[in-house]
Amino acid sequence: MHSFQQQAGFPILTVMTFLPTLGALVMLALMRGRPQLYKSTALVTAGATFFLSLAMVLKFDQSSADFQFIEKVSWIERLGASYHMGVDGISVLLILLTTLLSLVIVPASWNYIKDRELTFFASFLFLETGMLGTFCARDLLLFYVFWEIMLIPMYFIIGVWGGPRRIYAALKFFLFTMAGSVLMLVAIVGIAYLARPDRYAAPVFDLDQLQKAVFSFPVQVAAFLAFFIAFAIKVPMWPVHTWLPDAHVEAPTAGSVILAGVLLKMGGYGIIRFCIPLFPDAAAAAVPYILILSIIAIIYGAMVSLVQKDLKKLVAYSSVSHMGFVTGGIFAFNVIGLSGAVLVMFSHGLLTGALFLLVGFMYERLHTREISLMGGLASPFPVLAAFLLFFTLASLGLPGLSGFIGEFLSLLGLFSYNKAMAVVAASGIILAAAYLLWMYLRVMFTGTRDEEWFKLSDLNLREIASLAPLAVLAVWVGVYPSTFLNIINPSVNKLVTQMAPYVAQHGGLLTHLFASRGGL
Amino acid sequence: MSHDILAIVPELMLVVTAIVLLLIDPMLPHHGRRGLSWLGILACGTAAVSAWLARNEQFSTFSHGIALDRFTIYFKILLLLVAALAMLLSEQHLHLKKRLLGDYYALILLATVGMMVMASAIDLTVFFVGLELMSLASYLLAGFLRYNSRSIEAGLKYFLTGSFASAILLFGMALLYGVGGSTNYQEIGQALRSGNVDTGVIVIAIVLLLGGFAFKVAAAPFHSWAPDVYQGAPTPTAAFLSVGPKIAAFAVIIKFFTIILGGEHSRWVPLVIAMAIATMLIGATMALLQRDLKRLLGFSSVAHVGYLLLAVVAMGQSSYTLSSSAILFYLAAYAAMNMGAFGVLTFMANAGRFGDSLDEMAGLGRRYPGVAGVMAVLMFSLAGIPPTAGFLAKFYLFASVVDAGYAWLAVIGVLFSVVSAFYYLRVIVYMYMREPEAGALEGVPSHGRSFDLSLALGLATAAVLALGMLPGPVLNAAQDAVGKILGS
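Going line by line, the protein sequences match chains Z and W.
Under this note's numbering, read the first sequence as residues 1 to 520, first letter to last.
Under this note's numbering, read the second sequence as residues 1 to 488, first letter to last.
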């Protein structure tokens, strides 16, 4: 398997993926004790990575569903594993989100972290490599390596720079995620060996080849479950979401931004990229169960958000609710639902990232996140209030902003699968309006205001600069989603076409059953 | 030079060096002994090169008692590297404990010769000679700090349990000889496969051999000596003892369970499954309870033996090449990470810490960022997180288990590895996420630093990362090694 296939010129994916690591290593090796220098280096590295990803998006051929910018070099020959990178429309969008969020957190954390800053910024750059690699990998073993690597910097970010219960939260995050992914590892090994052409061949980890393999239904169910549990923990779906509030509350602001903005998307991405195309039969058979879990997540996440006293926990639980639209949209298995799901991922990354940034900015000023201790913040902090209002409205699905488009499409997709489910899920949007607006009311208008707060400064330019790009994109997605839909459409179409026969086989019967049990 | 001698050139080199060390040691003043370790390291290096040069040879010699093949050579080189690393780790520690003697290095070399003989043996008597040479030298090494009661206790405990284990093994081997009519592995194997033997005797022999090997590799239910011995022995010696004997024992286990008992796998597979599960369970859960780092590493090594036993189970099935090469690769990874971890503890001991308790790791990330970084990499590797050797070794090992049709065992194994991640992560928690108690880190003398120790830690970490990211060469060597074991 000597495969040094066509490398169309510049290996942009590799450079983009490993540039942050390079920057981090340079920082660690040469810049100890010089904060201005290493912070600027972190900013430049993250910026360069962002512009590389932007260049990649511009060069990306939107008319094709094929994987592009392919790089393939043999890695562990005897194990059949190769260094195989490539992107399609879905990964491109998530890569853009990753590099953007990794960039905005640098200025946002400029003065927030006081202790061991160098390691802090280096950790985020290492994390960026892990995230980008996960979105680019076209080889299961390579994917798994990147997937697990992300745990290490995130573990340090929560555990070293987090809140009072940071050690508990970091361990819980690590062990929860690891427990899910080791089962996936067993499944990866299982299918890699089953997919061999003969007993003496090397196992098959390459996704192009694995997708041609056909697995028996019991194997598919077992492997699907193992993969799905790993991804569901990351999403996180109800009932495996319990690590999320702990991790979010304890993580530093930038950690929460990346956690909610990118790491949760890994779950949705994994389901789209691996669970469905590799195990189509099992995926089609699992549709009703997963949709029910998604709807529970939407409603449960929203209900729990309603009663939160801590602002950060509120945003964390709202993620559980929003991510329910992702899994719901995916498993509707139609073009509208799936595009909606991808768009929700993108938009949720922008909006929740921004909300966590705002909560962080408020915490830096007030040293609390308790909603009951805040009140009337609109007059001491008018700019902050304006930004919070904008992102709150976007998050609750105000038409014209990004949250609306994704969730609307996702619901539309769900509607064409099963009307009753769509109706129940739609109530999640109403609940979102309730908990978000009520939160805004309590934080910004009502309540007792401490007159001392007037002495504190409003958002400064650096903080505005980290929020502004997210706001611009939120409007862009809301007003002209076609820019983004065009990127993902070919890939989405391909997946839906691929799944159609399986859904027809399994789905027909189950939809019928649901309908006869009192559906609309 | 006779052709036959070629098979034992590395062993001869070590024996000669050991004798030289013993002879010149009394002639040197104390400070003159500081270079002695390098004599031993040089011997190991030369021996490793000479072993490698013979890589295309394949024959048996000494009345079919010793084999020279890729398998033997892989183990010899691995063992020599382990011995060299152990000597690098020991130098400063012995100096500080005022026990810097040529005897120590001679004992390490002799123990290594014993291990190498074990790995190359294809005859019961030769194996036993190697085993005893290794064991006797190890007992002395464990009790080497003779002014320290802990060390003496460790030596005595190791001696008592170890000689008991040897006796049990010997009993099992006697039964094999009884039914097989030969001491040669292959001839016994043929006799067993012919079917004209008393199955009752074979079952008893299998049980005895498994019990004896369980003692030697510290597998449940005969593991309990290991944490005690590692805790009491000098820390760099514990590094050597927790790795070397296990490597040698697994070389023998692979040969025993394929060449001799390959046809009997239906009898021993259930036993090994039970042993593997019990070993992982006890290793992982007991390590959770430890606050002493040497004991923690002791129980963690018990858990790692449990994973290795899973591959032994897989070896009973048709996927022999895959599972046995998985064992070989795992041993290399295990050697690098375990020696490195004990090396960090040696550093701590040299820096003036008296205990090895977890609390003393608090704040290490600030005080010694380099050492803490090394320890973090090693802990992630022991936990099996990429991109480290521990991940790929576990991955490969579980792959062989799944391929052999034991997916459920692999699931149990990976779940235990999640449990074990907890205690490895806790070490990192202490190093980076807790502040030391007031005054704990002040006044630490700078003599903890030594070139040898830093070199050893650097090599171990580099090996862990290289095996994790570019495992190709070692993986190929491991697969080639099991391709043709002489006598099978």
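If you are wondering where the hints come from, they were derived from the structure by calculation, not from laboratory data.
No experiment lies behind these values; they were computed from the predicted model shown.
Virtual Cβ for every residue (Gly too), placed ideally from N, Cα, C.
Hints may contain errors.
[What the hints assert, rightly or not] Footprint (simulated), chain Z over chain W, 3 or more residues, beta carbon under 8 Å:
1) 73 to 81
2) 116 to 122
[To be verified] Partial chain Z-side listing against chain W, Cβ under 10 Å, derived:
3) Arg78
4) Gly162
5) Met178
6) Ala179
7) Tyr440
8) Leu441
Hint by hint, here is what the structure shows:
For a cut-off of 8 Å, the count of residues in the segment 73 to 81 of chain W with a CB near a CB of chain Z stands at 0, and the three-residue condition is violated. Coverage of the segment 116 to 122 of chain W by chain Z is violated. Counting CB-CB distances below 8 Å, 0 residues qualify, and the rule asks for three or more. Using the Cβ-Cβ criterion of 10 Å, the hint placing arginine 78 of chain Z at the interface with chain W is satisfied: the shortest such distance is roughly 6 Å. Contact between glycine 162 of chain Z and chain W, as hinted, is supported at the beta carbon level, the nearest pair being about 9 Å apart and thus within 10 Å.
With 10 Å as the threshold, the beta carbon of methionine 178 of chain Z comes within range of chain W, its nearest partner Cβ sitting at about 5 Å, so the hint holds. Proximity of alanine 179 of chain Z to chain W holds as hinted, the smallest CB-CB distance being about 5 Å (cut-off 10 Å). Given hint, tyrosine 440 of chain Z at the interface with chain W, is violated; its Cβ is 35 Å from that chain's nearest Cβ, farther than 10 Å. For leucine 441 of chain Z, the interface hint is violated, since its Cβ never comes within 10 Å of a Cβ in chain W; the closest pair sits about 38 Å apart.
When held up to the earlier numbered hints, the structure conflicts with 1, 2, 7 and 8 and fits the remainder.
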